[in-house]
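*Asks:* Chains as they are written, first to last, in my numbering: chain A, 1 to 344; chain B, 1 to 309.
These aren't lab readings, by the way, just hints derived from the structure by calculation. Think of the CB as a built atom: it goes at the ideal place given N, C-alpha and C, for glycine as much as any other residue. Don't take each hint at face value.
Unchecked claim - Below, computed lysine to aspartate or glutamate pairings styled on EDC-like, alpha-carbon distance capped at 16 Å:
1. Lys-179/A / Asp-219/A
2. Lys-4/A / Glu-53/A
3. Lys-197/B / Asp-140/B
4. Lys-136/A / Glu-20/B
5. Lys-93/A / Asp-208/A
6. Lys-140/A / Asp-140/B
Unchecked claim - Derived contacts from chain A toward chain B, CB cut-off under 7 Å, selection only:
7. Arg-95
8. Asp-97
9. Leu-109
10. Asn-110
11. Arg-112
12. Thr-124
13. Pro-128
14. Ser-131
15. Gln-152
16. Asn-154
17. Tyr-156
18. Ile-199
19. Ala-203
20. Ile-276
21. Ile-277
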Amino acid sequence: MTAKPLLDVSDLRVTFPIRREGDMPWTPPRLLHAVGGVDFTLNPGETLGIVGESGSGKSTLARALIGLAPATGRAIWQDGTELIGLSARQMLKYRADIQMVFQDPLASLNPRMTVGQIIAEPLTTHHPGLSRDQVKTRVKQMMERVGLLPNQINRYPHEFSGGQCQRIGIARALIVEPKLIICDEPVSALDVSIQAQVINLLADLQRDLGLALIFIAHDLSVVKHISDRVLVMYLGRVMEIAQANSLYATPQHPYTQALLSAVPVPDPELERAKTIIPLAGELPSPMAPPSGCVFRTRCPRAQEACAATPPALLGEAQHLTACHFPGPLTPQEIARAVAEPQPA
Amino acid sequence: MTMIEHDKIKGMSDRMAAAEVRGRSPWADARRRFLRNRAAMVALFVLAGVILFALFGSHFAAWSYDSIDFSVMGSAATQGAPSMANGHYFGTDDLGRDIFARTVQGTQISLMVGIVGAGVAVIVGTLYGATSGYVGGRTDQVMMRLVDILMSIPYMFVLILLLVIFGRRIEMLFLGIGLISWLEMSRIVRGQTLTLKNREFIEAARAIGVPSWRIIIRHIVPNLLGVVAVYATLLVPLMILTESFISFLGLGVQEPLTSWGALISEGAGTMRYGTIWQLAFPLGFFCVTLFAFFFIGDGLRDALDPKDR
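For reference, chain A alone in the conformation it holds in the complex:
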């Protein structure tokens, strides 16, 4: 925590205007708040895991950081530059520093390009002066680095397996030597055995190259394995952010506790013994988020104060929680949630 953070994000918001069919051109569009004010910092060489259920804005957050989604707020890069609101030309300089690995390994590769062309694309975009041979040498080195045979440079994506395609995606992200890689659910489309390979590859590369990673996933055990710190999102807001060990051992936010209680344990005895804290209802619509704390509609501890003001992200320096009443759920609260899954 002594060095300057690589990325300092505060109050990042992404809002999409939604036009309904048949609206008149002058009707103001309804707003969908995909990400509603996210704050976090990321240190060089650190892995930040982002978890949350589907629709919680994890991917939109990633796309906003890389400039694919329109965002407001502040995201300050290490050198003091504000990344949000940069023009495409100004942003180009930072694109080499921030790369992305996508969710669907095959769909993120152009089917009409060879692997060599795909991996070389960031290189030829950011360093147009390199000769053809230099590019080819670097592509081959990178292929070897991620565990692909360099002689497959002329093959096409459809000739590779899912895990290999993801390695190609990682090679493409790494070739310009970025400082930060954003991984948007990089393993959720892969088999479990391949997941482990790809995650270990990412961890190795991170250690060797001193990369910072933002690792988005909905699989909590995967995130625990790879992350230094974990950020829990719900409906576009940060619920809790803490060191991975601290978050998994002593979750403070009721949502985090519910999320962690749902993780399957690979031991039938323990699995039967544990209690899953059920969450009532569905994720509310991001077009009309609840007032105050967005989680209050499903929280077993919700009180009137929760509807009045949104909770601030508070706590010790290493463990921040956005809750008016943080702390472990009492056995009574859990029992109530289990008995009565539909609170008033």
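Dock chain B against the given chain A, drawing on the hints supplied.
*Replies:* Then chain B, alone, in the frame of chain A:
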């Protein structure tokens, strides 16, 4: 045991050191499927024959397309029939001109019209449609409304006006056909671009920072070419038909030049007098060529889009 391990390691090192493997591109797959399609291959050979006929037929003609054989002039019905002896392989027309030479010449014009029309459509239509679809928003609206406006003008009327005002010149015909041919293509390409635009590999390219024009050229257009190729082969006969119709009306190419449409028109005018060959030969070439193009188009579609059958 150690032998096996040894073999394994040797095999692996061989593979590592092996020369670069050549990939099987989606294009190579499509080519293989096309070559296996019998109807399309026959059509391809027929079309090649027609093209060779247009290119080299004049070397075999005993007469030139604009010279008159005075010995048959005026009595085409009795003496102008196809005959090997006097060099009129396809017979003569009423003026005593050689139908074989005129068919060769007409085939050249008609094929050229078809290919130029389709070529303009492919180049202009693809770039216009891909740009419109990729940029999106207001630009897309304006570009597509322009296409709508151009399409709503009755093009045959405009074409006829062009030819009447600027004279019956072959360049005018090319210009007119070029102007209209790309409209439909740009719409199809735009639609395809919209579906491609949100694919992850386009997002990946944007995240890398590839400039828009390069995304269009390197990522969008190559993935569109299948549709474009199919549509272009179907567009060639359409263009030939348009030109034939114009020529049939008597507005196309200028005499003594001719085209399939003009030849068919002349032949149709005289078929009641027993000179059926004046109609049959140009019409035969016309039909065979159109069929060939349609079969090739079908074959291309099956080859490029095996799922969409």
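*Asks:* Compare the structure with each hint and give your call.
*Replies:* Hint check:
For the suggested pair Lys-179/A and Asp-219/A, the alpha carbons sit about 25 Å apart, so the restraint of at most 16 Å is broken. Between the alpha carbons of Lys-4/A and Glu-53/A the distance comes to roughly 31 Å, so the proposed pair goes past 16 Å and is violated. Our distance criterion of 16 Å between C-alpha atoms is met by Lys-197/B and Asp-140/B, whose separation comes to about 13 Å. Under the criterion of a C-alpha separation no larger than 16 Å, the hint pairing Lys-136/A with Glu-20/B is consistent with the structure, at around 12 Å.
Among the hinted pairs, Lys-93/A with Asp-208/A is inconsistent with the structure: their alpha-carbon atoms are about 24 Å apart, more than 16 Å. Straight-line distance between C-alpha atoms of Lys-140/A and Asp-140/B comes to about 40 Å, which puts the hinted pair past the 16 Å bound. Below 7 Å, beta-carbon pairs count as interface contacts, and Arg-95/A has one with chain B at about 4 Å; its hint therefore holds. Nearest Cβ of chain B to the Cβ of Asp-97/A: about 11 Å, over the 7 Å cut. The hint is violated.
Satisfaction of the interface hint for Leu-109/A is found here, the shortest Cβ-Cβ separation to chain B being roughly 6 Å, below the 7 Å cut-off. A cut of 7 Å between beta carbons decides the hint on Asn-110/A: the least distance to chain B is about 5 Å, and the hint holds. At its closest, the beta carbon of Arg-112/A sits 4 Å from a beta carbon of chain B; the interface hint therefore holds under the 7 Å criterion. The restraint placing Thr-124/A at the interface with chain B is violated, with a minimum CB-CB distance near 9 Å, outside the 7 Å limit.
Contact between Pro-128/A and chain B, as hinted, is not supported at the beta carbon level, the nearest pair being about 11 Å apart and thus beyond 7 Å. With its C-beta approaching chain B no nearer than about 18 Å, Ser-131/A sits outside the 7 Å limit, and its interface hint is violated. For Gln-152/A, the suggested interface contact is upheld, since its CB lies about 6 Å from the closest CB of chain B, less than 7 Å. Satisfaction of the interface hint for Asn-154/A is found here, the shortest Cβ-Cβ separation to chain B being roughly 5 Å, below the 7 Å cut-off.
Residue-level restraint check for Tyr-156/A holds (minimum Cβ-Cβ distance to chain B is 5 Å; threshold 7 Å). Taking 7 Å as the C-beta cut-off, the interface hint given for Ile-199/A is violated, the closest approach to chain B being about 20 Å. This hint is violated: Ala-203/A has a C-beta 22 Å from the nearest C-beta of chain B, more than the 7 Å allowed. At about 34 Å, the closest approach between the beta carbon of Ile-276/A and any beta carbon in chain B exceeds 7 Å, and the interface hint on this residue is violated.
Residue-level restraint check for Ile-277/A is violated (minimum Cβ-Cβ distance to chain B is 35 Å; threshold 7 Å).
Of the numbered hints given earlier, the model fails hints 1, 2, 5, 6, 8, 12, 13, 14, 18, 19, 20, 21; all others are met.
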